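Asker: Use these hints to put chain B onto chain A, whose structure you have.
Number of protein chains: 2
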Amino acid sequence: MISITIIGTGNVATHLFRAFQGIDSVTVAQVIGRTKESLKPFKQESKTSTHYEEIEDVDIYIITVSDAAIKEVSEHLSHTTGLVVHTSGAMAKSILQSSRKGVFYPLQTFTKGKTLDFSTIPICIEAENQDDYKLLEVLGKSLSPHIHHISSDQRKTLHLAAVFVNNFTNHMFYTAKEICETDNINFDLLKPLITETVEKIRFLTPEEAQTGPAVRNDVATMQRHLDGLENSMHKKIYQIVSESIRAAVSSEQ
Amino acid sequence: MISITIIGTGNVATHLFRAFQGIDSVTVAQVIGRTKESLKPFKQESKTSTHYEEIEDVDIYIITVSDAAIKEVSEHLSHTTGLVVHTSGAMAKSILQSSRKGVFYPLQTFTKGKTLDFSTIPICIEAENQDDYKLLEVLGKSLSPHIHHISSDQRKTLHLAAVFVNNFTNHMFYTAKEICETDNINFDLLKPLITETVEKIRFLTPEEAQTGPAVRNDVATMQRHLDGLENSMHKKIYQIVSESIRAAVSSEQ
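Protein chains in written order, with our numbering: chain A, 1077 to 1329; chain B, 1077 to 1329.
Same shape as in the complex, but just chain A (with noise of 0.2 Å):
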């Protein structure tokens, strides 16, 4: 049995805290937050508080704030034995304040009131020494059988990358969407192509996959699509999206 804390009530919290309270083999001994308020979803499931005097001993303190606010929350734990961990794409494993120190970061977007199935998402983990590397290998095998060792610096990486697929990809779709609504198209008619669009990329490589304009050189279709943009930044985007696809093109004859 592993005893575990989760610091932190938003939404990387409250979906450990639901995937962990189906584990027989994890017990959430704790939550802490900073309001009572925030805390209400776990009072029910679990101890909670406010205070950081009252933290019990547990193996695996789970620090889920934002990555401005986990030094400090860090330097709280600073005085337990347990190991300290936390769940941030962007942040060095360094930055923790605690004696042992690791990374527990499950590479998803977490949506508030949305379930996730947790055994489809890697989670990519660090850790000091070899003992509690395990440790943490056996709280992410509970959850998911992808575990993954991935460095500060590969995670960094990671987590830029992750950017361009959900962040910059959704505002593919954002754009897509204002473009439709210029011409009261209903954006709703191109989503088994975005859906198909993945799809695709399950069984080819990006490369494989590019399809349009910009990788077949068709300079005239480029041109009336531009023409056909009114928004500057729409217009701004296609162009340099058309050149790093035709500078892709380039890189690999």
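Hints were generated in silico from the structure; no laboratory data involved. In this text the structure is predicted, and so the values were computed from the model without any measurement. Keep in mind that the hints are not guaranteed to be accurate.
Claimed, not checked - Simulated crosslink set (DSSO-like; lysine-lysine; CA at most 27 Å straight-line):
(1) B:K1311 <-> A:K1169
(2) B:K1267 <-> A:K1210
(3) B:K1232 <-> A:K1311
(4) A:K1188 <-> A:K1217
(5) B:K1267 <-> A:K1232
(6) A:K1267 <-> B:K1190
(7) B:K1232 <-> A:K1267
(8) B:K1267 <-> A:K1190
(9) A:K1232 <-> B:K1311
(10) A:K1267 <-> B:K1267
Said to hold, decoys possible - Per label pair, the in silico range of CB-to-CB distance:
(11) A:E1148 <-> B:N1307: 27 to 37 Å
(12) A:N1087 <-> B:K1123: 53 to 63 Å
(13) A:T1126 <-> B:L1280: 29 to 39 Å
Stated by the list, open to error - Among chain A residues calculated to face chain B with C-beta under 7 Å, some are:
(14) Q1230
(15) K1253
(16) I1277
(17) M1309
(18) S1320
Beta carbons are placed, not taken as given, at the ideal position from N, Cα and C, and that holds for glycine.
Answerer: The following block gives chain B in isolation, referenced to the frame of chain A:
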């Protein structure tokens, strides 16, 4: 029973041919291609020809050739009495040189060798009169319940929006893969995140689904990300898309 002839032997032709083969109320009379070689995959199940003089009378001729060749191909059909349609997202209906003109545009990306479920695909149709529209509607409904009346202008807009959700989204995946490779990270790690990114827009608008440093104006993280990108094209994309996300947030406030 609707009789059709498919002109062209590429991806769209192949997918439509396969789909119509499963429909009792539609018969593919002929497939017309430029070479005997290209017609091979069709000749077991349909008559084929490389000569426009051999074209038989049918209800609908479906031109699936590349945009640049549509006009010329339609000239060969100027004497037919059947309805002539093309399947292009980008070309106007008026480009057709036949007496009866229409458009039958399945809004999807077609990949060689990958079967598609046509019943999920929106089909955008357009004709010059009510009778021809009804005929295309019956043909479309044999494949999919999602038949939409989309004008030539709207179709151009839709096709441009499709470039963003398909071509440009795929290029975000490509860029992420390149970023991963700089640090020996397997791109597959990002695939569950990609799946969830698309899952989210089934019940959230792209505005609601937007997360990341740009939307919360986290300047420090954005600067760290830019510093972390070595490739100047990656930097440019990061800057423009972040700027565009910031502009979107401002316009909503």
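Asker: Now tell me if each hint is right for this structure.
Answerer: Evaluation of the provided hints:
1. B:K1311 <-> A:K1169: holds, 26 Å
2. B:K1267 <-> A:K1210: Within the cut-off at roughly 25 Å; holds.
3. B:K1232 <-> A:K1311: holds, 16 Å
4. A:K1188 <-> A:K1217: holds, 24 Å
5. B:K1267 <-> A:K1232: Since the Cα atoms of B:K1267 and A:K1232 sit roughly 17 Å apart, the hinted pair holds (cutoff 27 Å).
6. A:K1267 <-> B:K1190: Between A:K1267 and B:K1190 the Cα gap is close to 19 Å, so the pair holds against 27 Å.
7. B:K1232 <-> A:K1267: Holds, at about 17 Å.
8. B:K1267 <-> A:K1190: holds, 19 Å
9. A:K1232 <-> B:K1311: holds, 16 Å
10. A:K1267 <-> B:K1267: Holds. A:K1267 to B:K1267 sits at ~18 Å (cutoff 27 Å).
11. A:E1148 <-> B:N1307: 27 to 37 Å: For A:E1148 and B:N1307 the Cβ distance comes to about 35 Å; the hint holds.
12. A:N1087 <-> B:K1123: 53 to 63 Å: holds, 59 Å
13. A:T1126 <-> B:L1280: 29 to 39 Å: holds, 31 Å
14. Q1230: Holds - the Cβ of A:Q1230 comes within 7 Å of chain B, reaching about 5 Å at its closest.
15. K1253: The hint holds - A:K1253 has a Cβ within 7 Å of chain B, the shortest such distance being about 6 Å.
16. I1277: holds, 6 Å
17. M1309: For A:M1309, the interface hint holds, since the closest Cβ of chain B sits about 5 Å away, which is under 7 Å.
18. S1320: holds, 5 Å
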